[in-house]
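Single-letter residue listing:
2 protein chains.
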Amino acid sequence: MSYIMDKLKLLKEAEAQISQASTREKNFALEKVAEAIDNSREEILRNNQIDIENAIKANISEALIDRLKLDNSRIDGIIEGIKIVIKLPDPVWKSDRVWTVENGLTISKMTVPLGVMGIVYESRPNVTVDAFALALKSGNCIILRGSSTAINSNLSLVKAIKEGLKRSNISPDVIQFIEDTDRKYVLEMLRAKDYIDLIIPRGGKELIDFVVANSLVPTLQTGVGNCHVFVDKSADLEKAISIVENAKTQRVGVCNACETLLVHEEIAKEFLPKLYEKLKGQVEFRGCKKTMSIIPVNMATDLDWSEEYLDYILAVKLVASVDEAISHINKYGSKHSEAIVTENYSNANKFTRSIDASTVYVNASTRFTDGGEFGFGAEMGISTQKIHARGPIGLDQLVTNKYIVLGQGQIRK
Amino acid sequence: MSYIMDKLKLLKEAEAQISQASTREKNFALEKVAEAIDNSREEILRNNQIDIENAIKANISEALIDRLKLDNSRIDGIIEGIKIVIKLPDPVWKSDRVWTVENGLTISKMTVPLGVMGIVYESRPNVTVDAFALALKSGNCIILRGSSTAINSNLSLVKAIKEGLKRSNISPDVIQFIEDTDRKYVLEMLRAKDYIDLIIPRGGKELIDFVVANSLVPTLQTGVGNCHVFVDKSADLEKAISIVENAKTQRVGVCNACETLLVHEEIAKEFLPKLYEKLKGQVEFRGCKKTMSIIPVNMATDLDWSEEYLDYILAVKLVASVDEAISHINKYGSKHSEAIVTENYSNANKFTRSIDASTVYVNASTRFTDGGEFGFGAEMGISTQKIHARGPIGLDQLVTNKYIVLGQGQIRK
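In the order they appear, the protein sequences are chains A and B. Take the first sequence: its letter number 258 is residue 956 in the numbering used here, and every next letter is one higher. Take the second sequence: its letter number 29 is residue 727 in the numbering used here, and every next letter is one higher.
Looking at chain A on its own, in the form it has when it is part of the complex:
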């Protein structure tokens, strides 16, 4: 246990300091980190190249290699990400509720850092820096466990982060990285409930399920998105086509992309051929039987309704009413992002009230579920669970609260 325990003890020691750091100290440290990354471009790119070569040798898919790849412009993006976090308001030691009870005690519900956050993530090395920057700004320590595929890239990024921190008032110990990718150390991390306050898995369904099943530390589930667009009878069809096209194709490999289209059967004959005309070269359609009688598409099976394709594939199902659309979505959806396209007030109202999801849209693309688009500036993923935080996880979701009670000698009767 001592390999992981040594890191956890360093985090515990660093926690008291960073939780009390001023906004100015935290922003200064982030600036120094951005500088250090800028100054380490050569080393980072050289190490990334090693990861890429190993990935090619291991026959890893092109899509994954693209996620893994860093170049100067992606490093610019990483640095820009830090600068965005610097500009965001500090989420710590604020209150939206101060009140005084009958006996004269004044109670303030103050925001405070969570303490120590753990991130278990897959191949994208930019997560290393993004997650660190959000943790530091919210006064949290962080322990990171990335994939073996990205190990050299991550190590050089963590080295640069620590070099930056050394030039600030914040201890370099606030970030710990698990260099040894042996799975047993992930398990030790997941069981360290006295040292880690929250673990966020970032990656595919398998990773998330593994973390949730094995963690004694509370977890925040992110990412899996089986999102729907429902085109209602009264929809403005031009808006509908543009929204479905955007939700499906603007970026297919993301959790807020549309996977299933539901169409009210009374407008399907008018709407589906237009949509099909627009997308047929680009998107594979899989339809229910009624859909197949209108456009020439493959048949969808029951499995399609549950699938997160992350690809240029769209399942299509006709429904008889907004109620049927709601039932279908609440049964098969992953509670991520759901949209209705309608001009009918009551249906919009019913849909937004009844759909159980982190985000529900009327006449807009599901692709907007994102910390940046919501105005949170940056995010740690999209939570699809109900407790602690639901939807984009920004700085305001990386804190907890502490009640401060100021008295004049009150005792309880």
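These aren't lab readings, by the way, just hints derived from the structure by calculation. Note that the coordinates shown come from a computational prediction; the quantities given were computed from them, not determined experimentally. Beta carbons: idealized from backbone N, C-alpha and C, even for Gly. Treat the hints loosely; a few may be bogus.
[As the list claims (entries may be wrong)] Selected chain B positions facing chain A (in silico; Cβ < 7 Å):
1. L803
2. L812
3. D895
4. T1057
5. V1058
6. Y1059
7. V1060
8. F1066
9. G1073
10. I1085
11. L1104
12. G1107
13. Q1108
14. I1109
[What the hints assert, rightly or not] Distance condition first, Cα-Cα at most 16 Å in a straight line; then the derived EDC-like pairs of lysine to aspartate or glutamate:
15. K1111(A) / D1068(B)
16. K1029(B) / D892(A)
17. K891(B) / D907(A)
18. K903(B) / D892(A)
19. K807(A) / D1054(B)
20. K1111(A) / E943(B)
21. K972(B) / E943(B)
22. K1111(B) / D1068(A)
23. K1029(B) / E711(A)
24. K1029(A) / D892(B)
Since the structure of chain A is already known, use the hints to place chain B on it.
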């Protein structure tokens, strides 16, 4: 799995209805439940008597039997508890944040019910009704697993609740009770992550640890309280004596009672004899070596600093500074409730900033950490964890959020 699964499926069906119920419908249902409990007094007391007799036969401690016992006045208290919940504001479908982003999308962060809550609890039968009332008011379904000791009392209470619900618009299926106390069914409940959104264990440390270790459903940890009072050098000694007496003795078996007293060594010679005079017949003192040189008490061992006595025992330690007090509390405390008695502004400020706990007091008793005392009206326990809810869990902590995004055809660029 079908015994538990049948109940979970009923909850899932009831969830859509109760989540959309109006405040008026929920309050009406609660009134009917209160009436039904009032009308079932005889049956409830008869069944409680069976539990009591079984407990006596099983040589269960008097303290536990007292917790188990119902009489007419305790049933009055249970009914009064429901009436308090009726009067509380509905926490559902509210927003404290609506904003419009640059592209014209208007985003509202609305409160919505969690869905299905699970409660695993020990002997007090009033928890059955308290937890149900809070769940119903917050639009949640609930599944309850009580202890075998209270099984007959709980069954008659649940029967009355369901009879009340039958006279309302809310389905009696919103409450499910696990009649079979075989432990394997608790495990099935803890693993039903697709059916239950949050599990709250209410009971001793062993129960809480068991639930957290075995649950795939997110949990909310409540209850364990190793709370401290620190009497600073500049304390007003009269306030200090009254606060320590209250925090230690007003009710010893509760999580917000004081277990360890820290005293600044510069006032210990004046303060400790006065406190000792006041409490010596009632409270057993266990002191550090320095304490023993001032008052005639038993020696505290290292174990005492971690112990939640829940009894008329007080550990006493002298410290040289507010910093030493803070270190001691952050090392040994259970992050529940911590108090400083001081007239020094900077020490009060430092203590409230640096102590890591759900609630931090200046010049007041730790006994105030309570949903009722905080003005929340009622509570589901005191959370000592950092995620989702920390401190008293009232109605506002039994909801999650849903972002509603209203557009005019927006797509992501």
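Exercise for review: Take a quick look at whether K972(B) and E943(B) sit within 16 Å of each other, Cα to Cα.
Suggested key: OK: K972(B) and E943(B) at ~11 Å, within 16 Å.
Review point. Taking 7 Å as the limit, does the beta-carbon of L803(B) come near enough to a beta-carbon in chain A?
Key: Holds - the Cβ of L803(B) comes within 7 Å of chain A, reaching about 6 Å at its closest.
Check your understanding: Would the hint on T1057(B) stand, with a C-beta cut-off of 7 Å toward chain A?
Key -> 4 Å, holds
**Study point:** Pairwise hint evaluation, D1054(B) against K807(A), where the allowed Cα distance is 16 Å at most
**Key:** Given that 16 Å is the threshold and the Cα spacing comes to 14 Å, the pair holds.
Exercise for review: Please work out if K1111(B) and D1068(A) have their alpha carbons no farther apart than 16 Å.
Suggested key: 13 Å, holds
Check your understanding: Would the pair K1111(A) and D1068(B) pass a check requiring their Cα atoms to be no farther apart than 16 Å?
Key -> Holds, at about 13 Å.
Point to revise | Agreement of K1029(B) and E711(A) with the hint, judged by alpha carbon distance not exceeding 16 Å | key: 11 Å, holds
Review point. CA of K1029(A) to CA of D892(B), is that 16 Å or under?
Key: 11 Å, holds
Check your understanding: Per the CB criterion, is L812(B) less than 7 Å away from chain A?
Key -> With a minimum Cβ separation of about 5 Å from chain A (threshold 7 Å), the hint on L812(B) holds.
Check your understanding: When you check the alpha-carbon spacing of K891(B) and D907(A), does it fall within 16 Å?
Key -> With a Cα-Cα distance of about 11 Å, the restraint between K891(B) and D907(A) holds, given a limit of 16 Å.
Review point. Do the alpha carbons of K903(B) and D892(A) lie within 16 Å of each other, as the hint requires?
Key: With Cα atoms ~14 Å apart, K903(B) and D892(A) stay inside 16 Å; holds.
Review point. Regarding the hint that G1073(B) lies at the interface with chain A, is the smallest CB-CB distance below 7 Å?
Key: 5 Å, holds
The structure is consistent with each of the numbered hints, conforming to all of them.
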